[in-house]
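Chain A is already provided as a structure; the job is to place chain B on it using the hints.
This is what each chain is made of:
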Amino acid sequence: MANLIRSEWFKLKRSRVFWLMLGVLLVSAVAYCVLNYMDDPNDGGALNAVSGMDMFVAGMGGNFYIIKIGVCILAGFFISSEYSTGTMKRAVTSGNTRSQVILAKTSVYLAGSVLTALLFPLASLAAGSLLFGIGTLEGVSSVAEYIVRCLGLTITVAAAHAAIAALIGTLFNDSGKTIGFGVIFFFFIDGVFALVGNYVPIVKTVYEYSVFSQIIHYTEPALSSRNVLLTALIPLATSAALLVLCVLAFRKKEIK
Amino acid sequence: MNEYVLRTHRLTKKYKTQYALDNVDLSVRQGTIYGFIGQNGAGKSTLMKLVTGMAFPTSGTIELFGASDEREIVRNRKRMGVAIESPALYPHLTAQENLEAHRLQRGVPGRDCVARTLKLVGLDGTGRKKARNFSLGMKQRLSLAVALLGDPEFLILDEPTNGLDPMGVVEMRELLQKLNRERGITILISSHILSELHLLATHYGIIHRGKLLEQLTVQELQEKCRQYVHIKANDPERAAAVLERELATTEFEVLPDGVIRLYSHLEKPASVSKALVAGGLELEQFMPMGEDLESYFAARIGGGANG
Numbered sequence: 068m069a070n071l072i073r074s075e076w077f078k079l080k081r082s083r084v085f086w087l088m089l090g091v092l093l094v095s096a097v098a099y100c101v102l103n104y105m106d107d108p109n110d111g112g113a114l115n116a117v118s119g120m121d122m123f124v125a126g127m128g129g130n131f132y133i134i135k136i137g138v139c140i141l142a143g144f145f146i147s148s149e150y151s152t153g154t155m156k157r158a159v160t161s162g163n164t165r166s167q168v169i170l171a172k173t174s175v176y177l178a179g180s181v182l183t184a185l186l187f188p189l190a191s192l193a194a195g196s197l198l199f200g201i202g203t204l205e206g207v208s209s210v211a212e213y214i215v216r217c218l219g220l221t222i223t224v225a226a227a228h229a230a231i232a233a234l235i236g237t238l239f240n241d242s243g244k245t246i247g248f249g250v251i252f253f254f255f256i257d258g259v260f261a262l263v264g265n266y267v268p269i270v271k272t273v274y275e276y277s278v279f280s281q282i283i284h285y286t287e288p289a290l291s292s293r294n295v296l297l298t299a300l301i302p303l304a305t306s307a308a309l310l311v312l313c314v315l316a317f318r319k320k321e322i323k
Numbered sequence: 003m004n005e006y007v008l009r010t011h012r013l014t015k016k017y018k019t020q021y022a023l024d025n026v027d028l029s030v031r032q033g034t035i036y037g038f039i040g041q042n043g044a045g046k047s048t049l050m051k052l053v054t055g056m057a058f059p060t061s062g063t064i065e066l067f068g069a070s071d072e073r074e075i076v077r078n079r080k081r082m083g084v085a086i087e088s089p090a091l092y093p094h095l096t097a098q099e100n101l102e103a104h105r106l107q108r109g110v111p112g113r114d115c116v117a118r119t120l121k122l123v124g125l126d127g128t129g130r131k132k133a134r135n136f137s138l139g140m141k142q143r144l145s146l147a148v149a150l151l152g153d154p155e156f157l158i159l160d161e162p163t164n165g166l167d168p169m170g171v172v173e174m175r176e177l178l179q180k181l182n183r184e185r186g187i188t189i190l191i192s193s194h195i196l197s198e199l200h201l202l203a204t205h206y207g208i209i210h211r212g213k214l215l216e217q218l219t220v221q222e223l224q225e226k227c228r229q230y231v232h233i234k235a236n237d238p239e240r241a242a243a244v245l246e247r248e249l250a251t252t253e254f255e256v257l258p259d260g261v262i263r264l265y266s267h268l269e270k271p272a273s274v275s276k277a278l279v280a281g282g283l284e285l286e287q288f289m290p291m292g293e294d295l296e297s298y299f300a301a302r303i304g305g306g307a308n309g
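Protein chains in written order, with my numbering: chain A, 68 to 323; chain B, 3 to 309.
The hints are simulated quantities; they were obtained by calculation from the structure and are not laboratory data. Because the structure is a prediction, the values reported are computed rather than measured. Heads up, a few of these hints could be off.
Said to hold, decoys possible - Here are the computed lysine to any residue pairs in the SDA-like style, where the Cα-Cα straight-line distance is at most 20 Å:
id	chain 1	residue 1	chain 2	residue 2
1	A	Lys319	B	Pro59
2	A	Lys319	B	Ser61
3	A	Lys323	B	Ala22
4	B	Lys80	A	Ala69
5	B	Lys132	A	Lys319
6	A	Lys323	B	Thr14
7	A	Lys320	B	Arg73
8	A	Lys80	B	Gln98
9	B	Lys234	B	Arg183
10	B	Lys131	A	Ser166
11	A	Lys320	B	Asn42
12	A	Lys323	B	Gly281
13	A	Lys320	B	Thr60
14	B	Lys132	A	Lys320
15	A	Lys80	B	Tyr21
16	B	Lys80	A	Leu79
17	A	Lys319	B	Thr60
18	A	Lys323	B	Lys132
19	A	Lys320	B	Thr14
20	A	Lys323	B	Asn42
21	B	Lys16	B	Asp27
22	A	Lys323	B	Gly43
23	A	Lys319	B	Lys16
24	A	Lys323	B	Thr60
One chain only, chain A, in its complex shape:
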């Protein structure tokens, strides 16, 4: 298993798509901070961030899209593409069990997804603090505590979304299909829950306790301790369940 993880990590480190995503996010975060710094609200400018914390909050807000799109792109290129290039054949004939093969792959993929999800808010915070100073945030007594909480929950929420995308990537044999289906799924799932929830109340309750709802609310400064705990545990449970489904699906899958 350790060999497989090393091999997957080796491949992730050489994935151009992974580095391209990280590069685009880093440049975007820094550019956004610089634009905020140069823009003067008193002179008709629309950007009004005045501290590193403002930039961090803005970065966390944008991360909603980065997580949903980023996990799909990475799932397409890191998992599904192995079917189309035929390299998944090599993996299953390598003398490791199928469970080991897919667990190693999804574990490294989850790590890559989490790194991607953390980069934009972290880079926004760092660049914003350099330009403006870290500053404070209204309604937050301890800035450090808020940052740690947000980043911690970003890890769990991103991991859960990545686990869902990993299942999609395991089922599809083509990176394009994985990305297309994944993006559509993540952007329409809220609407589907809302629509069905109007007729079936339990669905509404399920949605409120799902990662799809949590990704919208987890950066709120006024999150109660109970909700923080739920936002940590529910994504972890979701990730575990989805990884089990990935293993089951891959064990039954015939490699073309």
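Positioned in the frame of chain A, the structure of chain B alone reads:
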């Protein structure tokens, strides 16, 4: 030590209503080069996929290095090298990086084996060139290099000469023969180029429409390939009459182009030519010949072979 590296017993694979493999009993002895022959869709790749764990049998059993328990089979796959269908490579990685990724995956100790294996297949000078920019022949070599990582005891190769130029085909054959001779690697190989397979394999299996028709050694094949005397005379009808009358044989056939194939008197061709010339015939062609693997295969499956 097991006499057989691979044995299948009544191995069957069914897709909906169609049998891709139908009760196949195949045996590959240790140290042999087993040429697997069949038309497109005959079931060659399907059998290889079942053995390598890419697909699952509908029924029947597989015995790999003497083990038929699923866990043991998975473990024993570490002793195999596989290259099935198109070369399975990471296109954005160099040849060296491709091998390194697979070396880590298989848990092969020592990075020096990467350079050694690249040299073995003649790809040691490819440097920073990405696999996506390789020619098909280079991809085939790299695919073989991946299969050879970790010194496997058993190689499964599906059409490994696809895309190779004539020199590449010869080099590939010589490399496989060397691996078999010097390292004792058992090889299961399928190829469309039957004449090439004829020069390489020590054992053959002929598969047609999912059924294994026959397994035979190269010696058995040589015995079975019919030998004959190829005769082209100026008057085929008269030549046939002479053969019947003077040599008292009916073991011949007259082909539409007038060529006569004589299956008797193979030990005494001089007496045949003497009788024909004495009968007033002019011989344009006269030579002993025999069927090759291609024509034997075509005859065995009862039609023209296309692969």
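Contradicted hints - numbers only: 5, 9, 10, 11, 12, 14, 15, 16, 18
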